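Same order as they appear, the protein sequences are chains Y and S. Under my numbering, the first residue of the first sequence is numbered 1, with each subsequent residue one higher. Under my numbering, the first residue of the second sequence is numbered 1, with each subsequent residue one higher.
Hints were generated in silico from the structure; no laboratory data involved. This one's a predicted model, so the numbers in the text were calculated from it and none came from an experiment. No residue lacks a Cβ here, since even glycine has one placed at the ideal position from N, Cα and C. Please note that a few of the clues may not be correct.
To be verified - Facing chain Y, according to a computed beta carbon distance under 8 Å, are these residues of chain S, among others:
#, residue
1, Val18
2, Glu22
3, Ala47
4, Leu49
5, Met54
6, Gln58
7, Ala71
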Amino acid sequence: MNQTELLDQFILEARDCLEQVGQRLLEVEKAPTDTELLNDLFRQVHTLKGNCGLFEFKPLERVVHAGEDLLDRVRNGTLSYSNDIADALLEAMDFTVQMIDEIEQHGQINPAADGRSQALANTLRAHLAAKSVTADEGAASNASAASAVAAATATLATASVEPPPWLARIPQSLRDAHPEAIAWHYTPEPECFFKGEDPWLMALRAPALKHLCVGTQQPWPPLGEADCYQCNLDLVGLSDVPLAYLTEHFRYIPEQVEVCELASLAPAPGSVATPAGQEGGTAVHVGTAPASASAPPAGATAGQAAETLQRRALQIWDDQLELLSRSGTVLGTVQAVRATLRHLLEAIGEPGLIHLPYLATLDANASAAVLHQWATQHRPAVARAADALADTSGIGIAGDANAGPGPSMGNDASRRHPGDEGGHQKVLKVGQEKVDRLMDLIGEMVVAKNALPYLAQRAETVFAQRELSREIKAQYAVINRIAEDMQHAIMQVRMLPVGTVFQRFGRLVRDTSRKLGKEVALVIEGEDTEADKNVIEALADPLIHIIRNSLDHGIEPPQARKLAGKPAQGTIRVVARQESDRVVIEIEDDGAGVDPERVRRKAIERELIPEDKAATLSDADAVQLIFLPGFSTAEAISDLSGRGVGMDVVRNAVERINGHVELSSQLGKGTRLRLSLPLSMAVTNVMIIEAGGRRFGVPMDLIVETVRVHADDIHHFKHARTTVLRGRIVPLRALHELLALDDAPTLNDEGEHAVLVMRLGGENVGLLVDQFHGATDIILKPLEGVLAGLTGFAGTALMGDGSVLMVLNPKELV
Amino acid sequence: MGIRYLKKYAALEDIVTVEDAEALFGWLKQQAKPAVNLSKCVHVHAAVLQVLLMVRPQVHGDVTQPWLAHALNAPTNQP
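With the hints as constraints, model all of the structure from the sequences given.
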């Protein structure tokens with residue numbers, strides 16, 4: 001996996017994580033004591049931090065890290081979750097989302113973001129310091145925090161190979177019992193108490209503490225002169241954990257801590273003591289150490305160490321086997337493996353030594369297969385620790401990154417068998433564009449498939465091959481079935497639960513209601529309802545608009561609600577469900593509702609409709625006026641709503657994806673908006689009509705009926721034409737005129753016009769055409785490039801015979 | 001809880017914070033036979049620990065925290 005792929009993966013996962021984190025944050029706010037939730041939240045943030053660590057995204061990592069620390073404290077119960085913390089965390093999350101966006105676009109973070117990241121991290125850490133039960137780590141809140149955090153990833157100063165004098169303060173027996181432990185020496189600066197640090201607590205909290213003793217930096221002055229706020233402590237401890245953990249623990253004060261890896265004190269030939277913090281899991285080489293390095297250990301602890309050693313040696317042995325079994329192993333690798341095996345046998349002592357002579361007898365140029373066979377046969381048995389006790393003391397395994405001579409030996413992935421992951425991976429993460437491409441391809445396939453019936457027809461009529469024609473048709477039936485199944489399957493892949501859009505609402509409602517001083521509960525139902533990805537995406541903005549409107553105009557302030565006899569807390573209910581081939585989303589609030597009188601007045605004020613017309617509207621119809629462009633009832637413009645871009649934007653957005661909006665409202669009781677959307681936009685059902693010798697498509701969902709009207713039944717009034725259908729007047733328009741075609745609408749033999757009756761904006765309109773040609777499913781491609789400005793057409797589709805069908809957009813046209 | 005100064009000893013209870021260090025130091029210096037009780041103590045701040053190490057008062061009761069006990073029992077003035 002190269003760097004870009006890794007980055008893509010990172011972005012994908014980070015987005016997933018952030019989505020989860022956002023949701024959890026809100027849930028945790030409702031149930032701050034739910035440890036399960038908190039743990040989950042912490043895990044997500046932790047994963048995110050770990051992922052950030054893979055790349056050099058310092059500003060990002062800093063913020064995430066601070067968030068993680070804060071959550072850790074909350075999780076441990078040392079800090080109680082409050083609204084302030086939630087705000088800080090949410091803000092940090094927003095920032096993280098921005099950063100991820102930026103990384104996705106530019107592949108890096110703008111250095112300007114550094115300042116903000118610093119500020120956010122400090123805010124988070126301020127919570128840590130301010131509310132913590134004990135005052136440790138308080139240093140983070142003061143000015144030095146910036147530099148301290150920036151240095152957080154710097155490795156602690158590792159002591160030289162010579163054992164430092166302070167090591168003597170740790171008893172020898174303890175040092176022997178934990179051969180891989182790390183001794184550390186912490187000398188707090190004299191002024192540290194004024195920075196809110198508690199060196200004692202810091203030391204106590206060191207991970208896997210095995211020993212801790214306190215000394216002084218200077219001898220104690222006479223009591224009379226002593227200053228109890230000048231830190232004179234000097235702490236020495238022993239932690240049996242990898243260096244990285246200690247580095248993490250002392251990340252704020254790396255300059256005050258000196259560490260010494262006990263394992264590195266016994267230097268082995270060919271092995272270099274590297275701080276294990278940076279290179280992860282590359283231990284391929286075993287360094288053997290002379291047994292004289294330390295005194296023979298006593299007791300069961302040494303036995304444990306020996307056992308660990310054996311276990312690890314066997315692990316490495318298996319890794320070598322793995323390496324050998326891979327194809328294309330070069331000679332250098334084989335020899336390196338051989339050397340490693342020899343070292344391993346020496347290292348594990350008695351059970352291994354008996355195999356050593358055999359290894360020597362193997363041909364020096366033995367192939368990988370031969371060595372593999374040998375290694376499998378002579379894999380040392382797991383000996384009890386006691387057997388090897390005497391031989392193993394003082395042998396350390398050094399994590400040595402330099403030792404892998406084979407090009408891929410240091411690669412962590414080499415340990416895994418290529419086929420291993422197959423069993424437990426159930427979810428594939430696929431980029432959207434790949435699925436979109438599949439969708440495009442299947443679209444073309446459908447079109448290509450539709451050419452077969454034409455071919456069959458030609459075979460019969462032009463070449464008089466009835467037999468061939470029938471066979472082509474049979475083949476067509478098969479291909480048709482497969483193509484339809486395939487199309488269906490791909491559509492399923494593109495289906496997303498509407499919940500992905502709903503997730504953002506929690507945050508929106510929370511933030512907005514707090515800003516407005518209202519109490520609002522959000523109830524979401526049916527978030528599992530699925531719809532096409534494009535539909536879902538197109539839905540996001542209108543829905544947010546609607547919810548904002550509900551919050552701003554719908555739900556009243558708590559006092560007003562109480563006066564009206566309603567509970568102080570308002571409810572916004574978002575329900576999604578599937579109704580046949582459409583998704584219905586209802587947004588309902590129990591707020592003030594829309595006042596028809598006020599809407600009428602405003603509409604007249606803003607000159608959206610004439611006064612006399614407003615008076616004739618029923619209340620239910622008057623309420624619909626809010627969908628008119630430029631309508632706003634808000635007296636004052638807030639940053640939430642009231643700029644006059646409101647419900648008309650919502651309606652346009654929904655209608656663009658072939659959906660429609662209905663609004664019903666009861667004054668004082670609440671408002672309900674009902675959005676009805678198609679499940680998928682991939683396939684459009686159109687009716688083909690003919691006008692002026694050309695064929696056009698009309699979206700099926702707009703068509704009410706097709707009728708034939710006798711020319712005599714058409715009434716002309718100036719330029720307008722109307723007819724009466726089922727007792728109602730229907731205005732008529734000729735498609736020829738709308739498209740500026742030269743011909744006039746033709747009549748059939750009985751002197752009748754073909755009229756396509758469509759429902760546009762709640763009214764029926766008749767379209768005069770020449771001919772109807774039946775319905776068909778097409779894949780609608782929007783107009784692109786120079787044609788994009790033609791609003792009269794919704795798009796084009798390729799027909800089976802290779803011709804292009806222009807699909808009309810009657811809403812714009814008529 | 002902090003520190004309760006009794007007739008014969010100072011009782012250090014729960015978490016003893018950095019603010020308490022100075023008062024404790026002053027009090028201990030005045031005592032002829034300085035003594036503290038750490039049996040109810042959960043944590044002392046490093047500054048308090050330092051005071052205890054400087055003054056070396058007699059310790060009443062069991063010290064519940066193992067590392068604290070270890071630190072108080074060990075001989076001081078090591079390099």
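Just pull the numbers of the violated hints for me, sorted ascending.
6
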